[in-house]
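What follows is each chain in one-letter form.
There are 2 protein chains.
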Amino acid sequence: MRLDDLYSQLTISTGAKLVLVVLDGVGDVATPEQGGLTPLEAAQTPNLDQLAQVSALGRMIPVAPGITPGSGPGHLALFGYDPIEYQVGRGVIEALGLGVDLQPGDVCARANFATLDDKGIVTDRRAGRIPTETCERLCARLQERIQQLGDTRVIIRPGKEHRFVVVFRGPDLEGPLTDADPNREGLPIPRAEPRDPQNPRQQKMAKLVAEFYQAALPLLAGEKPANGFLMRGIAHQPHIPQFEERYRLRAAALAVYPMYKGLAQLVGMTKLEGPQTVREQFERYLAEYDRYDFFFIHHKATDKAGEDGNFEAKKRAIEELDAALPVLLQKKPDVLAITGDHSTPCVVRGHSWHPQPVLLHSRYSGTDKRARFTEHDANHGSLGLFEARFLLRLMQAHARMFDKFGA
Amino acid sequence: MRLDDLYSQLTISTGAKLVLVVLDGVGDVATPEQGGLTPLEAAQTPNLDQLAQVSALGRMIPVAPGITPGSGPGHLALFGYDPIEYQVGRGVIEALGLGVDLQPGDVCARANFATLDDKGIVTDRRAGRIPTETCERLCARLQERIQQLGDTRVIIRPGKEHRFVVVFRGPDLEGPLTDADPNREGLPIPRAEPRDPQNPRQQKMAKLVAEFYQAALPLLAGEKPANGFLMRGIAHQPHIPQFEERYRLRAAALAVYPMYKGLAQLVGMTKLEGPQTVREQFERYLAEYDRYDFFFIHHKATDKAGEDGNFEAKKRAIEELDAALPVLLQKKPDVLAITGDHSTPCVVRGHSWHPQPVLLHSRYSGTDKRARFTEHDANHGSLGLFEARFLLRLMQAHARMFDKFGA
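For the record, the sequence lines run as chains A and B. With positions in the first sequence counted from 1, the corresponding number in our numbering is that position plus 216. With positions in the second sequence counted from 1, the corresponding number in our numbering is that position plus 216.
No lab work stands behind these hints: they were computed from the structure. In this text, all values refer to a predicted model and were calculated from it rather than measured experimentally. Any given hint could be a false lead.
Remember, identical chains collapse to one label, so a pair may be satisfied in a single copy or spanning two.
Unchecked claim - In silico DSS-like links for lysine-lysine, alpha-carbon gap of 25 Å or less:
hint	residue 1	residue 2
1	K423	K620
2	K620	K516
3	K520	K423
4	K487	K620
5	K423	K233
6	K376	K620
7	K487	K376
8	K487	K547
9	K520	K620
10	K420	K620
11	K487	K548
12	K520	K233
13	K423	K585
14	K547	K520
15	K423	K440
My request is simple: use the sequences and hints to build the entire structure.
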């Protein structure tokens, strides 16, 4: 019996309110360069401290030991999905990140402009990192001339610098395909081929990509340096069991950045637009309290500071959350979890594999007798070290949403 | 390779003595309502404290994160079986609970008396919760008239109030069937059908249940309010690898309540009858020391107190165990584990999903430098947080019962 099936079988609706606050990349490591403290340890967090003293603490492995997740797997795990079972192609993530309203069955590709010589050999895979405005102008031109290929709609959306995405929306399409990218200069663009040569939907998709190249390359012929493009991560939006059906929770997402809105939308959460700061997000939670059972609230600044290796900025991003926390607690949810989707240690200047700390508060969480919410305190918590995909199940348990298993 | 097969392959007999003491539902949470202490923390336990100081500590997930086990899955895990793989039907658990000496292949049903109107519609699913004496009288009447249906023996055993069990013992029987229970008033009793319509043993079983109804209903026709009955959880005793063969340990069970005796019997332990208190159980252990290698000693009072939300009673139940502990230690086993089958926090007033604390003592356990056996101390132990089904394997390891794996 699959464990997810057991959880589903035991699930009951209770009307409880659950809130998941994600401080993106909050986890860190205490290194000598930083005075032996993590940003969570260095930050002034009176409100988090008070909450930690009546909560259960622990640390979570985002995917598997040693694996550094991107935002996609990191959030899928927090939403209770096994990120290895439910893999979302890079094209889909990029499209979500650019705010494309994806539909089930859409096939997406990450693309970027490149420079070709007169024999079609790739001489610069990033077309000299053309300015974003050029990218936007070229995408607009492509979109104007290529709206449809046979029965399939084509959606082209520019990203930053040389990057863009192409979405194919039509019947009987499927990924994944191999990349239309030689992965180094000095070679021609290879044809995107079905990963499974017997799969007729992948065959159809490969034909569409070839047709897209045939239509698009002539439109770029006069450009310099962006007279070509590469396509990678060509895959369809996977079927993901939808949140409300899976957990019996009406879920809303309060996120500022498109990618996190997109990931929430992928699992069927309702996007609540508007709030720009964490305080505004908490205020909006208060306003929407009665309409949803589950709130995903995403705070990006911690991750950005970690990516920049900016210890002070990461500390301030945590303090900003702490200062706003009393707003959230005006309507204290039945179950509140505060954590990250992964660690982004300043010393790494990027996502990492270090287990992120987690705080879980409910009437049934008890206290772990720890003074603060830090990595060190979390090491001593009753939740121990566990896989992030179980956090949502623990939240359900604390909401009394599971029947007893067996007599 | 299945992990269980690896364990079996490595297992050797050493003649070591292993003791598993189960304080049913001992785990708890420290809540403000209880002064921030758990019953283990509040209890005076000088003997447990002394033992904890030279033991390894940890916490165990009874089934999977967030899942609250019944006594069946809780104990199967402690006995080293994956409780999701080895699921025991409610009928089997109830029959064990009422002390029926089940045999492999027996199909059991939970039943309860109900009230039917003159069209056979269920008007009260519990027949007004008739007194236990009435239930006993009606069960005796049914058993007297219905002893056999074709080649199958029928065993009827009364429970409390309106509850009873029916056991079918005959060739080629199998469950599970659907319930002969409309699950609400206002509907007739549905026929119990095979869960797998192609399974001939389930078909035979469904026919037997129908025949049982045909024979039994007329015997209740004149009764008021108990003129009918419902049957649920109709399933056979699953095949469970027997304890001695699986672990190379001759095992004995010292339990007072029938359900725990029954669960021990299900895996092939010998039931040692007689002792009523934990002190008497420990004395009996001393007397039987040479005849068995493994002793399962079950102390119920902690769970009952937790179910009642009675903090003081739970504390006293722990102190009762502590006071008797020196008796057990007169013949110190080679490996001693003290734990619960799950938590029954006073604040929950029922079983819960919170990992239970565990203490493991042997010549090889070392010390975790913790002063006491409490949930909080267990959070800091060397055993970490692990699945309860591995405790028995750890006990075997501490008994030096596993050969080295690989060169």
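Hint check results:
Taking identical chains as interchangeable, the C-alpha atoms of K423 and K620 are never at most 25 Å apart, the minima being 52 Å within one chain and 31 Å between chains. Proximity of K620 to K516 under the C-alpha cut-off of 25 Å is restricted to the inter-copy arrangement: shortest distance 19 Å between copies versus 37 Å within a copy. In the homo-oligomer, the alpha carbons of K520 and K423 never lie at most 25 Å apart, since the shortest distance is 39 Å inside one protomer and 67 Å across protomers. Proximity of K487 to K620 under the C-alpha cut-off of 25 Å is found in neither arrangement, the shortest distances being 33 Å within a copy and 27 Å between copies.
In this assembly of identical chains, K423 and K233 lie within 25 Å of each other by CA distance neither inside one copy nor across copies; the values are 48 Å within and 47 Å between. For a Cα distance limit of 25 Å, the shortest separation of K376 from K620 across copies, 21 Å, qualifies, whereas the shortest one inside one copy, 51 Å, does not. Taking identical chains as interchangeable, the C-alpha atoms of K487 and K376 lie at most 25 Å apart only when both belong to the same chain, with a minimum of 24 Å there against 52 Å between chains. Taking identical chains as interchangeable, the C-alpha atoms of K487 and K547 lie at most 25 Å apart only when both belong to the same chain, with a minimum of 20 Å there against 53 Å between chains.
For a Cα distance limit of 25 Å, the shortest separation of K520 from K620 across copies, 17 Å, qualifies, whereas the shortest one inside one copy, 42 Å, does not. In this homomeric assembly, K420 and K620 never come within 25 Å of each other (Cα to Cα): the closest approach is 48 Å inside a single copy and 31 Å across copies. For the homomeric pair K487 and K548, the shortest alpha-carbon distance inside one copy (21 Å) is at most 25 Å, but the shortest distance between copies (50 Å) is not. Within a single copy, K520 and K233 get their C-alpha atoms no closer than 29 Å, and across copies no closer than 30 Å, so neither meets the 25 Å cut-off.
In the homo-oligomer, the alpha carbons of K423 and K585 never lie at most 25 Å apart, since the shortest distance is 62 Å inside one protomer and 59 Å across protomers. For the homomeric pair K547 and K520, neither the shortest alpha-carbon distance inside one copy (29 Å) nor that between copies (35 Å) is at most 25 Å. For a Cα distance limit of 25 Å, the shortest separation of K423 from K440 qualifies neither inside one copy, at 27 Å, nor across copies, at 76 Å.
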